[in-house]
Amino acid sequence: MRDEPQTAAAMKSTHSPGVGWMGVRRGHKARPLEWIVEKLILLTALSAILMILLIFFFVTREAWPVFTGNVNSAAAVEQMTMEEMQKLSPAQLQKYLELSDEEFRGMDQETIKLLMEVKLEAMAEAKAHSENPDAKINTASWRYLLQPYQWQGYEKPEHIWQPVGNIHKYNIIPLLIGSLKVSFIALAASVPMALAAAIYISQLAPGRVREVVKPMIELMAGIPSVVLGFFALIVMAGFLQKIFGYPTRLNALLAGLALSLAVIPIIFSIAEDALTSVPRSYTQGALALGASKWQAAWQIVLPAALPGVFAAVVLGFGRAIGETMIVLMTSTASVMSWSIFESARPITATIAAEMAETVFGGHHYRVLFMLGALLFAFTFLLNLIGDLIIHRLKGRLEGKA
Amino acid sequence: MSNEGAIRGTRRDIASFFFTGLTGLCTAIITLILLIIVGNIVYHGWGRFTLGFLTRGTEHGMFDLDKAGIFPMIFGTAARVLVMTMFVVPIGVITAIYMTEYAHRSSRLVRLLRGAINNLAGVPSIVFGLFGVGFFINFVGGQMDLALNAKGSEPIWGKPAIIWASLTLAVMTLPVVIVATEEALKAIPAGLREASLALGATKLETIIKIVFPQALPGILTGGILAISRATGEVAPILFTGAAYYMASLPKSLSDQFMDLGYHVYILSTQAQNVDETRPLLYATVLALLALTFALNIVAIFVRARMRAQMRALH
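Top to bottom, those sequences are chains A and B.
Mapping of the first sequence onto the working numbering: position 304 corresponds to residue 305, and the numbering continues sequentially without gaps.
Mapping of the second sequence onto the working numbering: position 17 corresponds to residue 5, and the numbering continues sequentially without gaps.
Just chain B, with the same shape it has in the complex (with noise of 0.2 Å):
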């Protein structure tokens, strides 16, 4: 008996071995994967990053090896971007705060709400295009111009500008500015709200001065991450504002611009000669690689620190 029982033992112990290998070689093997791709792109894209790449514009031709610059792509990228922070922060705090502060967490209503917010995260990014097509251009830009151009002239707003990419990508990332502000709310102890409540302050009092203020590490977060998404996103603004070239820089949120991920895009499927540009193409990717790990790596670190702080007060 105890025979059979060491026997079954050591087959557990095989069996435990083979599989926590089996499982952590496949751990291991998404880990390489990152780290091949990581490598890959600043192996061969370090030698033409250079700050002179980064400050340059495309007025010397996009192809061009030595010319060649992205300034133009970081402006209309950082342009949208922060168009469309403006407006997805407010709204997302807010309705956060509806959800945790107000509401009644089992209510129908917030129920639907995160339907919605779960739903909306969920739809494909190129359905957000079609989305600032037929809503943003069409409809909202196409009533502006009725309503503020004379007759017959050409559109202003009707037609694809920073603002309507901006707005599309506002209503993209609502659900991850949502999501990260509601952690943070919730993580905050009852007893602060309480003790504010009992010391005679109101709701809004308490929201504004006790729970915002502890919330605000969160908020960052939530900010944070929406722009890391958005600014490495190309499919909804391919027809929201994106373009090809422009000769000059954007001077007003009607006009179109000029974006690095698109510019990944034009430089991989449209260059001549694709072999020739490579390393254009590598160091340009870089850049976006760059500024979006930058982005998360603060998140994930903000976050970190947010939830053992958060540990400490409970």
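Looking at chain A on its own, in the form it has when it is part of the complex (with noise of 0.2 Å):
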């Protein structure tokens, strides 16, 4: 690895006297296939770059309508009759009809005609329902996405999520508490433990018990997150509920704990490989000064590689956030509350139980796919900051060695 700046110079200075058009050099002029397959070579390694792309696009492109406000979740529309569809134009009709530009240009008539009647059934169904004055509101605008509202036979406005019914109701907060409440759970369960044992495993323990216990970990990080779920479901649910005797059996102290075995090997081996990367002259020095192993460790190497550590947490966060089927075998109802006792429904789980049961291009699945995009943003926005630090300290250690 430190042998590697010192030859890519060399490669590059013995080219760089012929640097041409597009990189085109002399010496590879003579060589057409090398560099057609330097080329290919290239636009191969871009594809990583092009997949992070592509999943913001496609992701936010479903949300899209919901960002924007153009997605109508209103039980009741205003009616048409079939005289009245038919005068509509193509674009009218397809946002009538509820279509996407795909699926309208790959019909023909018949299919259309079709859909229309279709359409006209569902509204006359959804008229017998317009007597409730919630049934005209656009659930799916941000103001019922965010903000509390008082339903029909509700005592206070509230935040709910509730896609289900006549009204789907799409509060987004219960969601986002729920995501929160259970990683952060995880977190104070993940973070001592994990980080204790990496000080451990890096400075304190003989080497035959870090042989050991260091590919232990790495196989606990190998556990399928289906496996955790089934575990926390089939045997810690029980026990939990025998030790604290609360009454819901699924809530988010056992989701959090759950999902905590996950996130232990993350933080362990993040602050562990930013423990062993602080110089060992740094622990040499300290030992040669009288001080003990634990004082080397807790007062020399741990501030050296805090950075680091602190980004092993962040990334934690951003794995315990993203978690989903351990958080979908144990949650069940959405409930707006902090309560570590009652259940939790992050957002994760919510996408997973729920986009099966959607119609295609509908609200609920805009909405499904804007929760998506808001995950996809958060958790960028925690790996970029946690690379970052990372980045640094290791510039910095290196710098220093």
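Hints listed in this document are in silico derivations from the structure and should not be mistaken for laboratory results.
Each computed DSS-like pair below joins lysine-lysine, with the alpha-carbon atoms no more than 30 Å apart:
| id | chain 1 | residue 1 | chain 2 | residue 2 |
| --- | --- | --- | --- | --- |
| 1 | A | Lys395 | B | Lys174 |
| 2 | A | Lys120 | A | Lys137 |
| 3 | A | Lys137 | A | Lys114 |
| 4 | B | Lys174 | B | Lys197 |
| 5 | A | Lys294 | A | Lys215 |
| 6 | A | Lys114 | A | Lys88 |
| 7 | A | Lys137 | A | Lys88 |
| 8 | A | Lys137 | A | Lys157 |
| 9 | A | Lys215 | B | Lys174 |
| 10 | A | Lys120 | B | Lys147 |
| 11 | B | Lys147 | B | Lys239 |
| 12 | B | Lys55 | B | Lys239 |
| 13 | B | Lys147 | A | Lys170 |
| 14 | A | Lys170 | A | Lys137 |
| 15 | A | Lys120 | A | Lys170 |
| 16 | A | Lys40 | B | Lys174 |
| 17 | A | Lys215 | A | Lys395 |
| 18 | A | Lys120 | A | Lys88 |
| 19 | A | Lys170 | A | Lys157 |
| 20 | A | Lys114 | B | Lys147 |
| 21 | A | Lys40 | B | Lys197 |
Looking from chain B toward chain A, a few residues come up when the C-beta cut is under 7 Å (computed):
| id | residue |
| --- | --- |
| 22 | Ala104 |
| 23 | Ile105 |
| 24 | Ala223 |
Sample of chain B residues lacking proximity to chain A, with all beta carbon distances greater than 12 Å (derived):
| id | residue |
| --- | --- |
| 25 | Asp54 |
| 26 | Ile62 |
| 27 | Leu70 |
| 28 | Leu187 |
| 29 | Ser236 |
| 30 | Ser240 |
| 31 | Gln260 |
| 32 | Gln297 |
| 33 | Ala300 |
Even for Gly, the Cβ is constructed at its ideal location relative to N, Cα and C.
Both chains are sitting in their own frames, so use the hints and assemble them into the complex.
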């Protein structure tokens, strides 16, 4: 690794005189095959960047109508008769039938006619429910996504996520709280344990212990999350309920603790890596001055690696908030509550549980994609911060070493 | 003075002893948790973990204690992982070769690539699932149907299928392959490359004949780790290909499939009577865990040997 810069520099310098148009160098002109292969390799390498851009583009694309307020989830829409529908322009008709461009283009007159009839029936059915004033509300607009509202039959304005029945209630606040609540419990349980283990393994443990335990924790990272979810559901749920005696079997505490099983190996490996990358001379200097091994670890190595340890926590948080199967299997209802003994329904679990029931291109589908886009943006930010810190730390320690 | 020093020394020793013990205890607890999880699954799953269970299908009921098997799930999981490997390994290896062999180490492009790879590794798995729906199924599959099929016919590609689940997983595991290959490439002494170049080999020849064979164990590790990660993932395939039940094995890449991890999810949450089907559930979990652990252990072993060899070379 340390030899690399000089080699790369040396190779560069041998080529640099002949650099020409688009990187075609004199040497390469004589070997067109090499030049072509090099460009193909470059193109393939760019696919990683392309993938990130594609994820961003296609998840946001499906969610875009929600961001711009172009989704209408109101159960009661102004009704049109068949004649009125036939007078609409193709664009208006497409919007009224709630079809995407591709779908609309792919359909022939027959199919569209059929869809118009289906719509007519659906409208007639919706009319029966339109006595409820809430039916006229577009619940997928930002006002109802974020702010509490007093629905029919409720005593006070509330944040409610309830995308079933006639009026789909899409308030995302309970889901955000669910995600944060579960992640914080997971972090509270895993950060102290994982960091202590990282300090022990990287600084204090005898060589043989390190050789056994480190691969074991690596192995723990390899446990599929569906297996951890299963373990939480079948074993931990009953055990925890016996200890704490709470009424809700599947609650935020269970989900958080189960999640910590997935987060511990992540935080451990990143923190252990940061602590190990502190030059050996730091410890040796401290030990030579009469410090104990623990003092050297706590007062010298840990402060030097602190940014890396912080990054480990940030990346662990990213993993916790993005983990799906564990929270899907240990959560039930979305409840607006910060209590750890109440059920929590994180964003990821909601997407996983409800996506299959949605109508393609419908408002529920779009709102779930919007949640996915938010999740992507948030974890992207966390990863960026974490990597930036680690990059700086590595640079600093290598510079000092 | 000396007395005070001695006291400070004793206090220092006590503190050191205490904290070393405390951190050691935390390490022990983590290890213990791992052992409890694995032990619990092996203990309860072992009884039903028979050859018959592994080779039977689900034609006599998914939840039937004596007649249900998991062969279709093993088959589906193997199929999707195999297809994924065919995509992710070449792309990942070539990307790593570009980053270590061609690009200047601190160039802006490499920094951008590294950022993209790190971020790709941190994208939540459910977001990959959404991406699979938005990009592979709706966009790529939808366009393929428009181009290949008669208008108005049933979609063949624009629906969940093995190929889309595999491609979604390939995008997800790309960073695993890249990072492992990169590590292997960086561990190769520069002298080997220089000697090859000095003997008149071109860069491409050096990479193919000298660098690549040396990096093979590392590439293998990356591939195995990617497979192991993908084997246990459920969230990305929930809407891109996994089926609750299928009467027959998938026959083409455009078919859906039954999946081992998804089956664990179904058995744990959808069974009528979880207590009754619990032995079945445990055996299925044991199969999944054994598969991923075996892959992981092989990867750890290959990597350890590779590192030892590299240290000998330097």
